[in-house]
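Chemist: Residue numbers (full-length UniProt numbering), protein chains in the order written: chain A, 1 to 478; chain V, 1 to 478; chain F, 1 to 478; chain W, 1 to 478.
Keep in mind the hints are simulated off the structure, nothing from the lab.
Keep in mind that the hints are not guaranteed to be accurate.
To be verified - Below 25 Å or equal to it, Euclidean Cα-Cα: the simulated BS3-like pairs (lysine-lysine) are:
| no. | chain 1 | residue 1 | chain 2 | residue 2 |
| --- | --- | --- | --- | --- |
| 1 | W | K111 | A | K37 |
| 2 | F | K37 | W | K353 |
| 3 | A | K286 | A | K309 |
| 4 | V | K221 | A | K221 |
| 5 | F | K37 | V | K111 |
| 6 | A | K37 | V | K301 |
| 7 | A | K318 | V | K309 |
| 8 | V | K353 | V | K380 |
| 9 | A | K309 | A | K380 |
| 10 | A | K448 | V | K169 |
Claimed, not checked - Here's a subset of chain V near chain W, in silico, CB distances under 10 Å, partners left out:
| no. | residue |
| --- | --- |
| 11 | Q173 |
| 12 | E177 |
| 13 | H249 |
| 14 | Q264 |
Unchecked claim - Across the chosen pairs, the derived CB separations fall in these ranges:
| no. | chain 1 | residue 1 | chain 2 | residue 2 | range |
| --- | --- | --- | --- | --- | --- |
| 15 | V | Q464 | A | E287 | 57 to 65 Å |
| 16 | A | T228 | F | E102 | 34 to 42 Å |
| 17 | W | Q50 | V | D474 | 31 to 39 Å |
| 18 | W | K169 | F | D436 | 34 to 42 Å |
We put the beta carbon where it would ideally sit given N, CA and C, even for glycine.
Listed here are the chains, written in short residue letters.
Protein chains: 4
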Amino acid sequence: MTLLLVFAIIEGITEIETDFNFGGVNLQEAELLPREKVFRDPVHNYIHVQYKVILDLIDTPEFQRLRRIHQLGTSMYTFDGAEHSRFSHSLGVYETTREIIENFERNYPTKTPGDGLWDDSQKLVALCAALLHDIGHGPYSHTFEHIFHTNHEAITQEIITSPATAVNKILRQISPEFPQQVASVIDHTYPNPQVVQMISSQIDADRMDYLLRDAYFTGTKYGVFDLTRILRVMRTYKDGIAFDQQGMHAVEDYIVSRFQMYQQVYFHPVSRSMEVILMHLLQRGKELYESGQLEDTQAPKLLIPFFEKDFTLQDYLKLDDGVLNTYFIYWRDYQDDILRDLAGRFLFRRPLKSAQFNDQTKHLIPHLRELVEEAGYDPKYYTAINDSYDLPYDAYTPDSEESKTQIEIMQPDGSLEELSTLSPIVAAITGRETGDERFYFPKEMLQKPSDSIDLFNPVYAEFQQYLRNGALIDPQKE
Amino acid sequence: MTLLLVFAIIEGITEIETDFNFGGVNLQEAELLPREKVFRDPVHNYIHVQYKVILDLIDTPEFQRLRRIHQLGTSMYTFDGAEHSRFSHSLGVYETTREIIENFERNYPTKTPGDGLWDDSQKLVALCAALLHDIGHGPYSHTFEHIFHTNHEAITQEIITSPATAVNKILRQISPEFPQQVASVIDHTYPNPQVVQMISSQIDADRMDYLLRDAYFTGTKYGVFDLTRILRVMRTYKDGIAFDQQGMHAVEDYIVSRFQMYQQVYFHPVSRSMEVILMHLLQRGKELYESGQLEDTQAPKLLIPFFEKDFTLQDYLKLDDGVLNTYFIYWRDYQDDILRDLAGRFLFRRPLKSAQFNDQTKHLIPHLRELVEEAGYDPKYYTAINDSYDLPYDAYTPDSEESKTQIEIMQPDGSLEELSTLSPIVAAITGRETGDERFYFPKEMLQKPSDSIDLFNPVYAEFQQYLRNGALIDPQKE
Amino acid sequence: MTLLLVFAIIEGITEIETDFNFGGVNLQEAELLPREKVFRDPVHNYIHVQYKVILDLIDTPEFQRLRRIHQLGTSMYTFDGAEHSRFSHSLGVYETTREIIENFERNYPTKTPGDGLWDDSQKLVALCAALLHDIGHGPYSHTFEHIFHTNHEAITQEIITSPATAVNKILRQISPEFPQQVASVIDHTYPNPQVVQMISSQIDADRMDYLLRDAYFTGTKYGVFDLTRILRVMRTYKDGIAFDQQGMHAVEDYIVSRFQMYQQVYFHPVSRSMEVILMHLLQRGKELYESGQLEDTQAPKLLIPFFEKDFTLQDYLKLDDGVLNTYFIYWRDYQDDILRDLAGRFLFRRPLKSAQFNDQTKHLIPHLRELVEEAGYDPKYYTAINDSYDLPYDAYTPDSEESKTQIEIMQPDGSLEELSTLSPIVAAITGRETGDERFYFPKEMLQKPSDSIDLFNPVYAEFQQYLRNGALIDPQKE
Amino acid sequence: MTLLLVFAIIEGITEIETDFNFGGVNLQEAELLPREKVFRDPVHNYIHVQYKVILDLIDTPEFQRLRRIHQLGTSMYTFDGAEHSRFSHSLGVYETTREIIENFERNYPTKTPGDGLWDDSQKLVALCAALLHDIGHGPYSHTFEHIFHTNHEAITQEIITSPATAVNKILRQISPEFPQQVASVIDHTYPNPQVVQMISSQIDADRMDYLLRDAYFTGTKYGVFDLTRILRVMRTYKDGIAFDQQGMHAVEDYIVSRFQMYQQVYFHPVSRSMEVILMHLLQRGKELYESGQLEDTQAPKLLIPFFEKDFTLQDYLKLDDGVLNTYFIYWRDYQDDILRDLAGRFLFRRPLKSAQFNDQTKHLIPHLRELVEEAGYDPKYYTAINDSYDLPYDAYTPDSEESKTQIEIMQPDGSLEELSTLSPIVAAITGRETGDERFYFPKEMLQKPSDSIDLFNPVYAEFQQYLRNGALIDPQKE
């Protein structure tokens with residue numbers, strides 16, 4: 001709080017007595033490891049650690065816990081290789097930031113305060129913020145948050161600033177204000193725009209790492225762009241980071257890759273279907289608990305504080321994907337049909353099916369839900385609309401209000417031009433609508449009526465009249 | 001013939017009318033999917049599924065459970081990217097086998113029985129065996145087996161042949177004998193040597209997939225060899241599978257890659273250290289349970305049948321890596337110091353340190369264990385020797401007794417030559433000793449005595465006299 | 001023969017005079033090699049040859065000559081790795097075609113004539129056409145053609161159909177009509193649309209190979225797309241080749257890659273600059289020859305038939321990039337200043353500089369040429385406008401008149417939809433103007449006037465007023 | 001010391017007070033480019049140039065000429081992709097050296113003279129030597145040298161030190177002694193061992209670049225090793241360059257890769273066969289010239305100084321692969337049967353066939369040559385033994401006399417251990433014999449006698465009795 005005040009003052013004063021050196025850490029004082037330590041990484045080849053504080057942060061329980069939280073949530077049910085964790089992504093964001101700074105140190109070192117060049121006293125705060133930017137994530141992030149009203153960004157701030165954590169203790173060894181400085185980078189209130197943009201902007205270390213990493217582990221080739229080149233053409237200026245015009249094509253390619261990854265990986269209908277099931281499963285568990293129907297032996301001990309809306313940071317830090325899955329295994333033996341069935345659909349990957357709809361066909365959905373109900377499925381748990389809570393698409397929309405959405409290309413004479421004015425292909429996909437609205441329903445609705453003497457055959461047959469080529473159609477109008 | 005009889009007895013049948021067709025499935029009768037289904041895979045690009053039985057097997061709870069068991073166990077603590085599961089490896093072995101067969105179908109189709117060429121009625125049994133060869137694996141395989149005396153190979157056989165499983169039910173739809181045929185491929189008793197060697201030999205689909213996959217996910221480059229080329233030069237002969245002499249260099253490179261992966265990945269000292277901790281942690285938990293000291297709330301519900309040495313297949317199938325980790329999280333709150341501490345070391349990756357020893361320095365270990373004890377650590381739980389239970393190295397040893405250890409190169413005139421007689425580099429590494437014996441101890445023993453006024457400073461100082469360049473030395477003899 | 005009749009009727013003709021033996025080659029009669037032969041290839045890993053006719057064609061002098069003609073002409077002066085030849089590209093187009101056909105053979109074999117499926121009697125004509133489609137290329141193709149009025153497409157036809165060539169002799173061994181059939185595939189008059197589209201359409205074996213190959217050798221990553229996936233989703237239909245909707249994203253990615261390769265590689269201003277120099281150099285040589293000023297010892301023996309506009313096919317087949325370069329080396333010793341200087345600029349890579357212009361700045365060019373002349377350079381040889389003779393961009397323009405410009409996506413119900421109606425990103429770049437008009441001038445015009453006491457300093461200074469950020473500007477209007 | 005003296009005399013100095021700083025260039029004085037310039041490169045992604053002297057050297061006629069000389073000579077006839085030139089390899093060696101130095105500058109900067117750390121005044125001499133180390137190569141190097149008794153190493157020295165070259169002129173701008181310093185690095189007489197070993201030792205920038213580059217362009221995977229890792233673990237010491245023990249496996253993998261590249265690429269029998277043909281062709285041309293039988297119009301103008309053993313550096317610099325090929329095209333029209341035929345075999349890739357022989361079968365060769373003669377081929381031109389003039393294998397032989405053959409691994413305590421004492425796999429291949437002796441003969445000797453009524457059928461039949469599985473055999477002894 002005090003700190004925020006300080007910022008406000010800094011922004012509104014004409015005289016600054018105090019050390020312009022806000023947020024800075026004298027690197028001479030930061031303890032170097034006796035020997036650089038490396039972690040092998042399939043995306044960056046090696047992660048290089050030179051400072052003791054970085055190694056100590058990696059070794060905290062809060063950070064190690066990220067090994068047990070998948071980076072892409074339910075996408076691993078569509079892309080089998082995508083079993084990587086937030087741990088390796090966090091290391092990757094750190095390494096990317098380290099490489100950006102290495103370039104800035106060498107080529108754009110500040111000479112006089114305010115010259116828009118790189119001030120090396122910012123190095124440590126940037127590296128720590130990069131490493132810790134996702135540390136507040138919990139299991140199946142957005143879905144979990146939706147059900148339990150947690151907020152991973154607030155928890156990230158808390159892990160960094162609360163004196164109870166190992167992370168905070170290590171950061172404090174740098175200086176008493178250091179934890180708050182790191183936290184302020186992550187929530188964008190840190191005064192140095194270069195540091196903020198490194199971690200969070202249209203081309204930041206976070207996005208660059210996750211695109212390359214997710215492309216690598218899913219095995220899709222769309223996400224690949226030329227990281228080395230982009231790092232090389234990044235340059236500082238007064239208000240942040242720009243890209244030398246010589247590297248414009250690499251930047252352009254990054255935007256195209258991102259567009260394709262969203263279209264083809266992050267928004268994949270089957271991953272979203274598994275998310276629907278997970279959401280309904282947690283919802284059902286919560287409702288049963290609230291109505292006193294979860295018996296003791298099936299009670300998900302570590303989830304109870306969340307069911308009861310009364311949890312501590314320590315409760316939160318005990319959770320991971322495996323813990324939730326363990327409770328789902330418990331629930332497979334539970335007597336509630338819906339809980340048991342949904343747990344099985346999630347654990348053993350039995351996604352709902354889906355069909356696209358649009359404004360012309362949206363009105364059909366209530367009737368389709370009735371048919372699902374007629375076929376014996378509670379539509380509350382077995383149908384859904386859209387539901388892409390995870391990973392909302394951040395399109396490149398340079399005309400948006402948000403300051404972070406401009407990519408600036410630096411011309412030979414030093415002037416800046418916004419990317420989409422220079423690149424036809426970026427202009428083409430800029431701000432483009434990428435919606436894919438879907439109605440989800442049980443696969444069973446698609447069984448061939450003729451295949452069996454099932455009681456529900458006429459229901460299936462009617463339902464299927466509303467589908468063609470993966471979309472809803474109105475059979476009356478054909 | 002004897003073999004068939006043995007099976008017959010196992011199955012409890014006394015009469016066998018016909019048998020030549022053992023193992024064969026008329027492909028005309030196997031149900032094809034209306035449309036080939038593909039799974040994206042980063043190693044093989046795509047996994048292609050044409051038969052309904054394969055898709056149904058993938059969709060079983062027993063197989064989906066492999067998603068929750070890491071392929072490389074504790075190696076993910078050394079190579080952060082190695083978070084892949086046995087699920088994707090199993091698909092990869094299936095795909096590799098499918099590609100081998102595709103080549104055989106096209107280029108070496110049998111014309112008359114016994115001509116040593118490929119008989120397509122063997123296709124389905126080979127594909128199913130490839131897919132299911134690892135289905136009996138449990139969490140942290142070899143370590144778990146060591147403590148609880150389970151056996152994943154026996155469980156694989158049981159999952160395939162027990163009428164209680166979904167896997168068995170699907171296999172039986174092909175024919176009543178089909179489950180047993182698939183199981184016999186996996187335990188090497190199936191009569192067609194080509195099918196057996198595809199799944200299990202010096203160059204089989206299993207090894208080829210895991211080397212490439214583990215290289216990909218660890219990010220090491222050593223494991224890469226030319227799979228496409230090897231598949232292309234594989235050819236059938238009467239006693240199994242040989243390799244055309246045109247592709248000898250690719251086969252050679254595979255042997256070298258395997259050697260390097262063992263040396264540099266599978267035997268990595270830090271992974272083995274994490275395994276030591278896991279072993280001691282489970283051991284401690286078991287002992288506490290047996291002595292009645294594990295209270296109810298910390299009791300690992302799903303592990304109890306194993307503590308009590310009385311478990312069913314269904315109990316086994318509920319376990320996975322996440323379940324064990326969940327109990328380790330529980331144990332972090334337990335009152336037993338050792339259990340609590342070891343659980344933290346495992347969950348938060350705090351490996352023991354190690355030093356190599358040899359016959360000359362082995363005698364120092366008892367004294368070093370005493371020093372560890374003096375420093376306050378129970379040597380039973382905080383020291384270890386070697387302990388590479390997981391992944392014993394299968395060196396290429398062509399002169400071994402086991403029949404599967406020969407790699408045959410087919411010469412232009414059709415004669416066969418064993419690989420190491422043709423390749424100097426393979427001869428060089430053939431059967432080479434690859435031992436790496438290590439003594440493990442707590443990292444705390446390495447702290448600089450001068451750093452603190454720790455009570456144990458003299459102990460640390462003495463201990464450290466016995467170490468140099470990562471190995472034990474005898475300070476008396478220097 | 002029956003077959004021919006059927007097609008004739010389909011095509012709406014009732015009489016067939018000529019035996020235009022459409023309908024291909026009975027594969028049973030084509031001679032298979034005793035053993036498949038492979039060529040190692042960095043793009044496709046291996047090129048696989050099964051038919052003797054293919055191997056014999058590769059071994060002809062006409063085809064081997066392609067080793068001595070660079071695939072990308074002057075692009076190798078911008079992208080140093082791009083030193084690959086038309087030889088390896090031709091093998092790559094053959095291999096891609098072979099893989100397309102392998103897929104068609106397996107999945108879409110014809111059952112009844114006219115069913116729109118793949119007729120394997122078309123295989124050999126398709127393979128030969130793929131291999132030979134570029135065989136008429138000469139050195140520095142488009143530039144050479146521009147100066148000497150040759151036509152590589154006509155020469156391709158001649159090499160295939162003239163009885164004087166080794167290529168023709170080999171093709172004739174298949175059947176007397178076979179050479180003409182192969183030639184007709186290449187000039188799009190062959191009646192089977194699947195065969196024609198394989199070799200020449202929006203997604204054909206030619207384009208797919210050159211994008212991947214040029215991306216590989218230039219080291220740019222933009223050109224990479226998922227060939228395996230595209231091959232897998234290709235399917236035959238009555239009017240040609242369509243793409244299964246499951247693979248739409250791979251097709252989309254191919255279109256994006258192509259767009260980027262044109263923007264970033266094929267249209268690179270420096271490559272075009274080297275082409276300008278080459279053009280002017282050949283032009284100067286020709287003019288000197290025509291005016292009798294090329295002395296005997298510098299006379300380019302093998303070029304004389306072209307200077308004299310009286311050349312035979314045999315004369316043409318003696319030319320390659322090295323022959324032209326050899327004459328340029330001769331010309332370095334010649335007395336004509338311009339010839340000597342331009343030869344050096346080409347041999348030792350001293351490109352002209354360039355600036356973009358547009359309709360608003362085009363009027364400045366005459367004055368700039370005057371300034372170049374004032375500085376001592378003949379503007380006829382030392383300036384140029386645009387001049388991208390090589391590699392005109394083939395944008396994806398589905399609404400064009402040409403039949404080959406549609407990419408059809410096959411929906412689950414078998415209906416076809418044109419790609420850009422389904423893909424926002426393809427719609428965005430479809431038919432987009434990609435012009436980049438440039439004015440080329442000697443680098444010397446950019447020297448800093450202050451650097452020397454050069455006589456021409458005021459000229460340079462004035463010239464440079466017209467340039468900013470790589471484009472022409474009108475200094476009056478700023 | 002003697003050495004220093006020699007230099008001193010060359011330079012015309014009689015007294016040397018101090019010498020430690022020999023060869024150094026004050027980097028402050030070297031002109032930096034206003035902006036770093038990059039060249040795209042498929043192996044290193046980008047080549048980065050910061051100094052004007054480097055860019056100027058690249059732009060010299062002597063260096064640009066390397067574009068027209070293939071890196072791998074006749075290997076491109078076996079591996080079609082291997083069409084890369086000495087130009088891109090030279091840039092790659094420069095870039096690798098630049099990266100080595102970048103690491104040294106950052107991590108091992110000298111503090112006091114003689115401390116064994118990196119002295120940055122050595123940077124420019126190392127970079128220039130790296131760039132220019134191959135500049136004396138001519139067309140088809142070793143073969144050409146064998147026939148014409150040229151020496152590319154002497155010519156490299158001459159290009160660098162002769163005042164007549166552009167290269168020398170640019171180097172002299174640094175300092176009058178600079179050309180000689182650069183030359184002395186290349187001939188190993190330069191006093192700073194770190195600089196010498198960077199360019200020439202068991203793991204130098206030259207070897208590392210060519211292995212990766214040749215692997216990339218041939219498309220073989222064997223040559224790939226982890227360059228980034230090796231660069232990272234390189235460290236200076238008093239007597240040169242060592243490798244940190246943490247990176248031993250990367251070094252080991254490099255040795256294995258090199259072994260495999262020699263076995264599988266550089267020694268490939270077909271490439272050697274094409275070299276035999278080239279050698280005999282040049283030999284024949286020379287003999288005809290010497291006996292006055294090469295008429296004027298077929299006279300290879302630029303080769304005549306070499307036929308006459310009286311050539312200047314300028315004569316040498318006019319030659320390239322294309323010039324030689326142009327003369328071979330001329331010779332295709334010549335009346336000498338052997339010259340004409342050999343020229344065709346070379347231009348159109350018609351290699352001789354070969355068979356391995358050993359001490360037991362060597363005695364058969366004279367008789368086989370007689371049979372070749374009986375079949376109508378002059379054995380002097382149509383047979384050969386072995387003939388691997390190009391690319392003699394440099395095996396890793398640490399016990400050799402030559403000082404450069406040790407690879408030193410630096411242990412944690414700073415002591416050095418020779419690689420093969422630590423690595424079983426390197427020990428295994430160390431100094432291993434890799435000979436592959438072959439007898440070359442015309443392919444025509446292998447034609448099936450039954451295929452024709454050829455006069456020579458009995459000769460072919462007898463010849464073929466001596467061959468089995470690619471080796472000579474003695475039919476008497478079978």
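Chemist: Now tell me if each hint is right for this structure.
Modeler: Hint check results:
Note on K111 (chain W) and K37 (chain A): the hinted pairing holds, with a Cα-Cα distance of about 24 Å set against a maximum of 25 Å. Only pairs whose Cα atoms come within 25 Å are accepted, and K37 (chain F) paired with K353 (chain W) is accepted, the gap being roughly 16 Å. Between K286 (chain A) and K309 (chain A), the direct Cα distance comes to roughly 11 Å. Compliance with the 25 Å bound is thereby established for this hinted pair. A distance of roughly 19 Å separates the Cα atoms of K221 (chain V) and K221 (chain A); the hinted pair therefore holds under the 25 Å criterion.
With a CA separation close to 24 Å, the supplied pair K37 (chain F) and K111 (chain V) stays within the 25 Å bound. Of the pairs offered as hints, the one joining K37 (chain A) and K301 (chain V) is violated, with about 40 Å between alpha carbons and a cut-off of 25 Å exceeded. For the hint pairing K318 (chain A) with K309 (chain V), the CA-to-CA distance comes to about 29 Å; that exceeds 25 Å, so the pair is violated. Taking the CA atoms of K353 (chain V) and K380 (chain V), the gap is near 15 Å; set against the 25 Å cutoff, the hint holds.
Restraint check for K309 (chain A) and K380 (chain A): satisfied, since their Cα atoms lie roughly 23 Å apart, inside the 25 Å limit. A C-alpha spacing of about 22 Å is found between K448 (chain A) and K169 (chain V), which places the hinted pair at or below 25 Å, so the restraint holds. Annotation: interface hint on Q173 (chain V) violated; nearest CB of chain W at approximately 42 Å, more than 10 Å. Hint status for E177 (chain V) relative to chain W: violated, with the closest Cβ pair at about 43 Å, above 10 Å.
For H249 (chain V), the interface hint holds, the least distance from its beta-carbon to any beta-carbon of chain W being 5 Å, beneath 10 Å. With a least beta-carbon distance of about 5 Å to chain W, the hint placing Q264 (chain V) at the interface is held under the 10 Å criterion. For the hinted restraint 57 to 65 Å between Q464 (chain V) and E287 (chain A), the CB-CB distance of approximately 59 Å keeps it satisfied. T228 (chain A) and E102 (chain F) have their C-beta atoms about 37 Å apart, which keeps the hinted 34 to 42 Å range intact.
At about 52 Å, the CB distance of Q50 (chain W) to D474 (chain V) disagrees with the hint of 31 to 39 Å. Restraint check, K169 (chain W) to D436 (chain F): a C-beta distance of roughly 37 Å satisfies the suggested window 34 to 42 Å.
Hint violations for this structure: numbers 6, 7, 11, 12 and 17, all remaining hints satisfied.
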